[in-house]
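**Q** Sequence:
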Amino acid sequence: MTAPTEQVPPSAEGVLFQQYADSLATMAERAGVALLAQWIAGALSDMAWQTQLARLFIRVNRGGTVVADLYAARQLRLMGIDASPLGLSLPDDVAEVQRLTKAVTTLSEALDDPESLEPRVVRVARSEPVNAMQQGVVRAYAEHGVGGYRRGLDADPCPLCQWLYKDGYVYPGGTPFHRHPGCQCEPVPVTA
Numbered sequence: 054m055t056a057p058t059e060q061v062p063p064s065a066e067g068v069l070f071q072q073y074a075d076s077l078a079t080m081a082e083r084a085g086v087a088l089l090a091q092w093i094a095g096a097l098s099d100m101a102w103q104t105q106l107a108r109l110f111i112r113v114n115r116g117g118t119v120v121a122d123l124y125a126a127r128q129l130r131l132m133g134i135d136a137s138p139l140g141l142s143l144p145d146d147v148a149e150v151q152r153l154t155k156a157v158t159t160l161s162e163a164l165d166d167p168e169s170l171e172p173r174v175v176r177v178a179r180s181e182p183v184n185a186m187q188q189g190v191v192r193a194y195a196e197h198g199v200g201g202y203r204r205g206l207d208a209d210p211c212p213l214c215q216w217l218y219k220d221g222y223v224y225p226g227g228t229p230f231h232r233h234p235g236c237q238c239e240p241v242p243v244t245a
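Here the numbering used here runs 53 ahead of the position in the sequence shown, where the first position is 1.
These are calculated hints, taken from the structure and not from any lab test.
Predicted model only: the values in this text are computed from it and were never measured.
Treat the hints with care, since some could be wrong.
DEER-style ranges, computed between Cβ atoms [claimed, not checked]:
# : residue 1 : residue 2 : range
1 : D99       : P138      : 18 to 28 Å
2 : A90       : Q151      : 39 to 49 Å
3 : I134      : H231      : 21 to 31 Å
4 : T159      : R130      : 15 to 25 Å
5 : R130      : R176      : 26 to 36 Å
6 : T159      : G133      : 40 to 50 Å
7 : R176      : S137      : 45 to 55 Å
8 : W216      : D99       : 34 to 44 Å
For each residue, glycine too, the CB sits at the ideal point set by N, CA and C.
Work out the full structure, taking the sequences as your base and the hints as a guide.
**A** Set out below in C-alpha cells:
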C-alpha cells in the first residue's frame with residue numbers, strides 16, 4: 054500500500070463526524086463493559102448476557118443510523134442542496150439482528166476466559182455504531198441522489214485508509230464504505 058500524494062486533514066465537518074462517532078463508540082463501550090462486569094459478577098446468566106449485549110449493539114447501530122441520516126442531510130445543506138433527514142432505519146432489521154447475534158455468539162466462545170473477552174467486547178462495541186454511521190451516510194447520500202463520495206480521512210489515518218483515499222478517488226453512490234475496526238473516516242459527498 055502506498056500513501057496518498059497529498060494528506061488532506063479532516064474538515065470541520067469531518068471532525069464533527071469523528072466526534073459523533075467517538076461519542077457513540079464510547080457510550081457503546083461503557084455499556085458493553087458494564088454488561089460484561091455484571092456477567093462476571095454472576096448477576097447475569099450466559100444467555101441473559103448474550104441477549105443484552107446483542108440488544109445493546111442493535112440499539113447503538115440504530116442510533117448510528119439516525120445520526121448518519123441527520124449528518125448526511127446537514128452535509129448536503131452545507132453544499133447548497135435542499136436535503137432533510139430521510140428517517141433511515143437499519144437496512145434489514147432481521148438480517149442485522151441475526152448478524153449481531155452471531156457476533157455475540159462468537160464473542161461468547163471466550164466465556165471461559167473473561168480477561169480475553171473484555172478487549173473483544175470493547176472492539177465490537179466501538180466498531181458497530183461507527184460502521185452504522187458510515188454505511189448510513191452512504192445510504193443517505195444515495196437516496197438523496199448524490200452521485201458519489203470520496204473518503205474523508207480521520208485525524209490519524211492508518212495505511213489502509215490512506216490507500217483507500219486513492220488521491221481523492223470518487224466512489225460511485227451507494228458503494229459500501231470500506232472500513233475496519235477503529236476507522237473513523239467519513240464519506241464526503243461529491244456532486245460534480
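**Q** For the hint 45 to 55 Å, verify it against the beta carbon of R176 and that of S137.
**A** violated (35 Å)
**Q** A range of 40 to 50 Å was offered for this pair. Does it hold for the Cβ distance of T159 and G133?
**A** Taking Cβ atoms as reference, T159 and G133 lie about 45 Å apart, which means the hint holds.
**Q** Could you tell me whether the CB distance from A90 to Q151 stays inside 39 to 49 Å?
**A** Distance hint for A90, Q151 is violated at roughly 27 Å.
**Q** Starting from the range 15 to 25 Å, see whether the pair T159 and R130 falls in it by beta-carbon distance.
**A** violated (40 Å)
**Q** Return holds or violated for the Cβ distance of R130 and R176 against the range 26 to 36 Å.
**A** Given about 34 Å between the Cβ atoms, the range holds.
**Q** Given a hinted range of 18 to 28 Å, is it respected by the beta-carbon distance of D99 and P138?
**A** violated (39 Å)
**Q** May I ask you to test the hint 21 to 31 Å on the CB atoms belonging to I134 and H231?
**A** holds (25 Å)
**Q** Confirm or reject the claim that W216 and D99 have a C-beta distance inside 34 to 44 Å.
**A** Since W216 and D99 have Cβ atoms about 41 Å apart, the given range 34 to 44 Å holds.
Taken one by one, the earlier hints fail for this structure at numbers 1, 2, 4, 7, listed in ascending order.
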